[in-house]
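J.: Construct the entire structure; sequences and hints are all you get.
Everything in the sequence shown is counted per my numbering, starting at 3 for the first residue and increasing by one.
Derived by calculation from the structure, the hints in this document are not laboratory data.
DEER-style ranges, computed between Cβ atoms:
hint, residue 1, residue 2, range
1, 153, 131, 20 to 30 Å
2, 207, 99, 36 to 46 Å
3, 23, 234, 48 to 58 Å
4, 184, 47, 43 to 53 Å
5, 76, 129, 22 to 32 Å
6, 158, 23, 45 to 55 Å
7, 232, 76, 38 to 48 Å
8, 97, 142, 13 to 23 Å
9, 47, 231, 46 to 56 Å
10, 16, 121, 35 to 45 Å
11, 98, 76, 15 to 25 Å
Pairs of lysine-lysine, DSBU-like flavour, derived with a Cα cap of 35 Å:
hint, residue 1, residue 2
12, 182, 128
13, 150, 118
14, 153, 218
15, 144, 198
16, 218, 150
17, 190, 144
18, 153, 115
19, 190, 218
20, 234, 128
21, 118, 198
22, 153, 182
23, 144, 218
24, 182, 115
25, 74, 150
26, 115, 144
27, 234, 153
28, 234, 218
29, 128, 118
30, 128, 153
31, 144, 74
32, 153, 118
33, 128, 198
34, 115, 74
35, 218, 182
36, 198, 234
37, 115, 128
38, 211, 190
All C-beta atoms, glycine included, are put in the ideal place defined by N, C-alpha and C.
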Amino acid sequence: NSNRNGTAIYARNGIMQMNGGSIHNNYGRNFAGVGVGYVALTITGGSIVNNQNVLGNTAESEHDLTGIDSTKITGGTFTQDVSAYLAPNTGLVYDEANGTYGTTEDLYEYNRKTYKTFAEVLAAIKAENKPGFINASTPVVKVLADHKIDKFLEIDVSLTLDLNGQTITRDDGTAIYVNKDGITVTIKGEGTVESKTREVLYVNAGTVKVENGTFKSHVADGHAVYVINNGKVEIYDIGTTIGSHTGPGT
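T.: Following this line, the structure appears as structure tokens:
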């Protein structure tokens, strides 16, 4: 609390883990709650709030910590956005009421609620948009964390998929499958979707509008995007990467 001569906690050379407690109101020399030099830092709980910064010196900024991930966060509460330090399968959600960020094991966010699976999100969207119900806005689903999927994300309703800078990976098949006439799916958020063995985005029916992002197929003769039957894909951003092709186009 309120350390004016340095960080609240400073560690150098070794491994540091924070599992609980509170570091707050620190505006010290490095303007941070935790200062680390040549240290592998893991935060699994507790709170680092109301400091000018969460971290002071880190391996990414001033030091080279070859072979060790310098900072991994799997839990805790923070005033600042710490998404750059999140471990895989750990998401970050902003609490407007408290002005803080909290970690979550859920991977998707829709309408201010978080969900572990994409199927749960679709069920929630369909429950709220029953036949005869007029929704003025398209549902927006935000990806909260880098993660792997063992089944493709099947989309059969109109929605916007915000990749939120995250990466979705499937090792053994297509990653996203769009299959419904008349729907429009927008993909944005500067994230990455990849498949190790098949097409990344398979569009059998409906329209997919790709605003930006990267879509990678790791198969030498595979397709990053495969469009068939009544499907259509539109690419809007020159920075969008589809396999070896860079948009825009259709």
